[in-house]
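Asker: In case you want the letters, here they are:
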Amino acid sequence: MKQHLLFLTKQAVRMMLLLICVSIAAFFLVSLSPVDPLQANIGQAALGSMSQEQIAKLNEYWGVGQPAAERFLAWASDFFRGDMGLSLLYRRPVSEVIAVKFANSIWLLAIAWVISGAVGFCLGALAGMKQGTWVDKAIKGYSLVIASTPAFWLALVLLMVFAVWLKALPVGLSVPIGMEAAGVTFADRIRHAILPALTLSITGISNITLHTREKMIDIMESDYVLFARARGESGWSIFKNHGFRNVILPALTLQFASISEIFGGSVLVEEIFSYPGLGQAAVTAGIGSDVPLLLGITVISAAIVFGGNLIANMLYGIVDPRIRKGGAGL
Amino acid sequence: MRSMNGRQKTVLLFGMAVLFLALITAAGQVFAKEAMATDFTRKNLAPCGEYVFGTDWMGRDMFVRTLTGLSMSIRIGLLAAGVSALLALVLGIVSATMGRAVDSAVTWVIDLVMGIPHILLLILISYACGKGFRGVAIGVSLTHWTSLARLIRGEVLQLKEAPYIKVAKKLGLSSWQIAWKHMVPHLFPQFLVGLILLFPHAILHEASITFLGFGLSPEQPAIGVILSESMRYLAMGKWWLALFPGLLLVLTVMLFDVAGESLRKLLDPGSAHV
Amino acid sequence: MDEKKIILEIQNLSVSFQQYDKGFGRTDLDVIRDLNVTINEGEMVAVVGSSGSGKSLLAHAVLGILPYNSVLGGTILYDGEELTQKRKEELRGNEIVLVPQSVAFLDPLMKIGPQIRKGKNDSESKRKLDRIFEGYHLKQEVQELYPFELSGGMNRRVLVSTAMMGNPRLVIADEPTPGLHMKMVRRVMSHFRELADQGAGVLLITHDLEQALEVADRVAVFYAGTTVEDADVKDFAREETLRHPYSKALWRALPQNGFQFISGTQPYVKELPKGCPFGPRCEYFCEACEREIPYREVRGGKVRCISAE
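Chains as they are written, first to last, in my numbering: chain A, 1 to 330; chain B, 1001 to 1274; chain C, 2001 to 2309.
These aren't lab readings, by the way, just hints derived from the structure by calculation.
Simulated coverage check for chain A against chain B, where a stretch passes if three residues somewhere in it have a Cβ under 8 Å from a Cβ of chain B:
no., segment
1, 266–274
2, 285–296
Partial list, computed: chain A residues near chain C (C-beta under 10 Å):
no., residue
3, G132
4, V225
5, E233
6, S234
7, K240
8, N241
9, P321
Beyond 12 Å from chain A on every Cβ pair, some chain C residues (computed):
no., residue
10, Q2019
11, I2076
12, R2131
13, A2249
14, P2273
Being a predicted model, the structure only gives us computed values, none of them experimental. Heads up, the beta-carbon is just placed ideally off N, CA and C, and yes, glycines get one too.
Please model the complete structure; the sequences and the hints are all you need to start from.
Answerer: In structure tokens, the structure reads:
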């Protein structure tokens, strides 16, 4: 028990340090930018017609002209106290913007994460068990094609098929346009999340499928499966007794570690379906030079990714009896 | 014709993939001018015999535009994958051989780069570089080295413990001799395969980031730009603007995958069977 | 000696693999050629050959678990009938059982008890396993352990227990005592002897002639993929009663006979000489040895040598 606690603390401290480094790196990157936030958001023409006073005020608002280190310390100490600054585009506290967007995104991410994980695991396990058969070839082929397919193009194709041709699903936005937030039904939300979630699930499947398949093939070639077959076990019995047991842990680990990719995919998919989530906000913030929002989203998403990695690391310690009982490897 | 055995098929597959990619790259160069040429007498044509991919609202031939875009993607991919692979090689070896402090520093940087969702990191770097070509090239180059670096680090660590390396050390060979004679021949195939397998990611990320508006400028016929523009015409039923360029992009990425995987098969001594 | 029923008869077994050479060539690697062994009920037969000579493939061939890129030739008769792949699949784990080399052949993530029961949870299987464990003096708590928690002493008994879950008539033990000291070896071997005495046929695959001579009834000597001699254990008492020059060389290499080794090594499957594989190392080598060598009866045993008499 003591070992677990030590392990947990170590990992948590490491995660905090990494997060601090992420924020420093992100801040360093945005401060390098030659993009003039005033020109990007107000436009050359509008700036030309403004007085010096107005421009100075705007400069202050967008944080132009202060040294980077000073700005970082100010930003970081505020951030530490829970104040992520003011989103320049939304004109609301960053924490508020992120909270709203995150609430929208989490649905999408969770559904895609679960579906891609479950389907990918089943397909990968099936392919690995039936290595070399047409089932395996079909699943492997599908995964390889999908792995080469950009999420945004798949989104466009699905949009064409379901929204434009079949007119079965809405083109975009998480709620119908012009509707009061209170008037949005649960069914509406679901209808608008189907295509983005489908896109993310389809693209997420290939990675976990290929990984599970490889692991399953390794397991099928292991000495213990050879012996199980020598003892008359076959097919389902081998999967139930040995395959599942040995493949579930690496698969879960991978799935927790791949939150980063699903999040990355969501940036593209949300942009295409105009789904008002964290990903779309990141793009808007990047294009519109909304530095506080961009930084906030970076840190939050990195925290989610590290959280996933942390869970992945801990899974081995909790589930694998060799580590759980032996205390080795911690 | 006698049926070919597995290895002959692999060589053929590799050759065809490389040839096809070279053709796309060359064709894109040749047609670079035509890709920009507008002709309002032929706008919004659906795919037909003369314009196999159709034309857009400015009467530009989508086929040559797609080829030019892909050619550009491949060339950016070449640059980015090259830089990334080199970074991976250097950092992987340095991490494995220069002691614990360096090792943990490199591992730390790897964790850091992997911690920020890839697209978000690309947006940040692109923003830092003021968007445009420079931003994409630097962004894609700086973010793809991590897993290859890990692989090479592990490989070198394993090699260091290999009996024949230890014997070579005892025989008094200098570290450079050992590195050159025993490590490089072992690492090179891995590095080459890793390099080729970086392409698919590099190309996809370049296209994605350009699609989002952080990459190549809208005037260039980049594949991301083409697909981004096509979105506006989707609702009007101009399906060919998105379908064909995307398909060709998928094909290109897959060909790189095929090339990398078949090369891996050929270079792997363990594949003597089957 | 009264004739007992033949349980397993292997005639001219061959196992080959396809492999690529440099470039595009492809060759067949005959890892086993002309392997002949017969096992009677209640008899323990040892196949003795040096390490890495492909002996394990014999076990895999009988059980039908060869890798997919291998080709099986020759005939295997079980109970007088041809042992087809379908029959192998029906019989393995029940009538034909394998005892593997080590606990590495057990699933590391499955507890011992359920693993031996193949996941079955009915009370009959549970009772049967309890009885088997009692018989081997294994505590019932061992069933709750994972393979990595077993102690060295428990390992072997657990592995033998796996065989007892069925109703074995043929037990194949593949190098069951690697790296054990002599006392342990005797204990493990006594388990197999017991099984044979109860009427099962036991096929012991080993590289250790000394061990084999202690427990087995007959020894088949395996050289470069071929059985060169099949002799009663008694024949190993003196050099003169043996038939093949390689068996004699093995005999001379035994500690009690002076540890004399002959020069040279077993040829690699790719570089086999024509005719007798032992030819290049044999003192009686003559031209006729490069032709096909028949497997014939000499003085009650069998030998694949033209000059044996």
